[in-house]
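Trainee: Below are the chains, spelled out letter by letter.
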Amino acid sequence: MTHGCLRLFACAILIPGVALAQQASGTTARRAAATHPDLSGVWTYAIDRAPSALKKDVDGVVTIVKIDQSARYADTTSVPGVRPSTPKPSYKPELRAKVQDLFDHQSKTDPVFYCGRPGVPRIGPPRKIVQLSKETIFFYEDISGDPYRIIPTDGRPHRDRANPSHYGDSVGRWEGDVFVVDARNFVEDTWFGEDGYFHTDAMRVVERLWKVGDDLLWQATVEDPAVLTEPWTMPARLTKPSTDSLEESPKCVETDGGKLLNDDHHLQR
Amino acid sequence: MRHTVFPVGSLVFTLLGVASLHANNSPSAIFDMQKRVAVTGTLSKIDWINPHIVLTMDAKGEGGKVDHWTFESNPPSWYRSVGLARADFAKALGQTISVEALPARDGSLFGYMRKITLPDRTTLELVTN
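As given, the protein sequences belong to chains A and B, one line each in that order. When you read off a place in the first sequence, starting at 1, and then add 453, the result is the number in my numbering. When you read off a place in the second sequence, starting at 1, and then add 33, the result is the number in my numbering.
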């Protein structure tokens with residue numbers, strides 16, 4: 454009886470608090486949505502995935518489950534707002550041999566092959582976005598871990614004492630209905646794309662995201678005047694709403710590196 | 034030995050996708066894409082890890098000794114996307130399963146699993162997407 458009373462008392466205290474919190478959260482979300490398009494939600498993978506399907510046979514009933522790669526490879530060039538892109542960045546002539554060498558030995562030189570962090574923009578569009586009034590949070594799933602980026606949108610500048618990192622220091626702003634994320638202050642040990650695309654700590658990445666109907670368009674431009682002859686705008690990716698909730702990625706333990714018998718490698722993201 | 038190795042057409046493995054979610058090494062740098070090994074034994078361990086899930090099997094070898102086979106396969110997130118979880122394999126722990134895999138080029142008891150037959154005869158196979 455006493456416990457029941459205590460529980461009742463606790464509920465009387467807590468329920469209004471929870472309700473207020475939910476109301477406040479909802480108000481925040483509505484305010485964000487009222488001012489700008491709301492990008493919040495879970496989005497499909499838009500990176501290279503194992504290109505195999507699953508064939509399942511249960512008591513003679515065969516089903517095949519395919520992997521949707523359309524967000525990675527669909528042609529987005531005709532989508533309004535998409536900027537002209539090139540399939541590859543343009544490196545300074547004296548650095549092209551290095552890029553080719555990294556590419557030729559990718560199985561042994563690509564940090565991502567050994568559980569390294571892909572960094573920005575190689576990690577692709579976020580898997581989940583939480584858009585608030587003063588900041589937007591990007592969540593990712595990756596074999597190297599599950600990074601997040603907290604992106605201020607209240608006009609504050611880049612942090613002048615932030616340490617260099619794989620995902621950089623980001624600030625966001627709106628250009629009409631386009632959310633623009635400016636990231637800089639990167640460490641140098643990532644590749645910004647497959648095929649040996651190394652960079653320096655001068656790299657700056659600008660990502661642009663906007664809604665196309667119910668879908669989300671993501672396009673990134675890489676600037677690094679120390680290695681590139683011009684900024685590289687990547688082909689845009691169009692990702693779709695997803696009902697697949699995020700899940701903690703299991704630890705990454707790469708053991709194949711010592712078993713490589715040649716330099717074969719395959720297309721990565 | 035309780036395992037067999039047989040050649041297959043190259044087209045099968047040209048079409049077979051064994052890339053990981055984000056990145057891994059090329060299967061052809063480690064595995065013989067022209068052969069397939071079939072092994073039957075007891076599923077002894079499951080490592081649900083990136084960049085590949087790993088299954089360990091104890092199979093009867095030559096002279097009655099036990100061979101400890103290791104098979105890797107696609108990453109956990111791929112299995113999640115096709116509706117499979119660790120639990121779907123864990124129910125077979127300690128029981129007899131059969132695996133068809135690309136054998137390691139170095140001749141070790143290691144392969145890339147492309148098909149597994151579970152104790153209830155359910156088969157799961159990687160095919161062209």
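You may find that some hints are simply not true.
No farther apart than 20 Å at their CA atoms in a straight line, the calculated lysine to aspartate or glutamate pairs in the EDC-like style are these [to be verified]:
1) Lys-581(A) x Asp-501(A)
2) Lys-509(A) x Asp-153(B)
3) Lys-712(A) x Asp-607(A)
4) Lys-712(A) x Glu-95(B)
5) Lys-704(A) x Asp-80(B)
6) Lys-587(A) x Asp-607(A)
7) Lys-712(A) x Asp-80(B)
8) Lys-509(A) x Asp-139(B)
9) Lys-545(A) x Glu-628(A)
10) Lys-508(A) x Asp-139(B)
11) Lys-508(A) x Glu-158(B)
12) Lys-148(B) x Glu-588(A)
13) Lys-519(A) x Asp-121(B)
14) Lys-509(A) x Glu-158(B)
15) Lys-541(A) x Asp-501(A)
16) Lys-148(B) x Asp-607(A)
17) Lys-519(A) x Glu-158(B)
Covered by chain A, per the in silico footprint, the following chain B stretches (three or more residues, Cβ under 8 Å) [as the list claims (entries may be wrong)]:
18) 67 to 73
19) 88 to 98
20) 113 to 122
To be clear, the hints were calculated from the coordinates, so they are not data collected in a lab. Beta carbons: idealized from backbone N, C-alpha and C, even for Gly.
Trainee: For which of the previously enumerated hints does the structure constitute a violation, in increasing order of number?
Mentor: 3, 4, 8, 9, 10, 12, 16, 18 and 19
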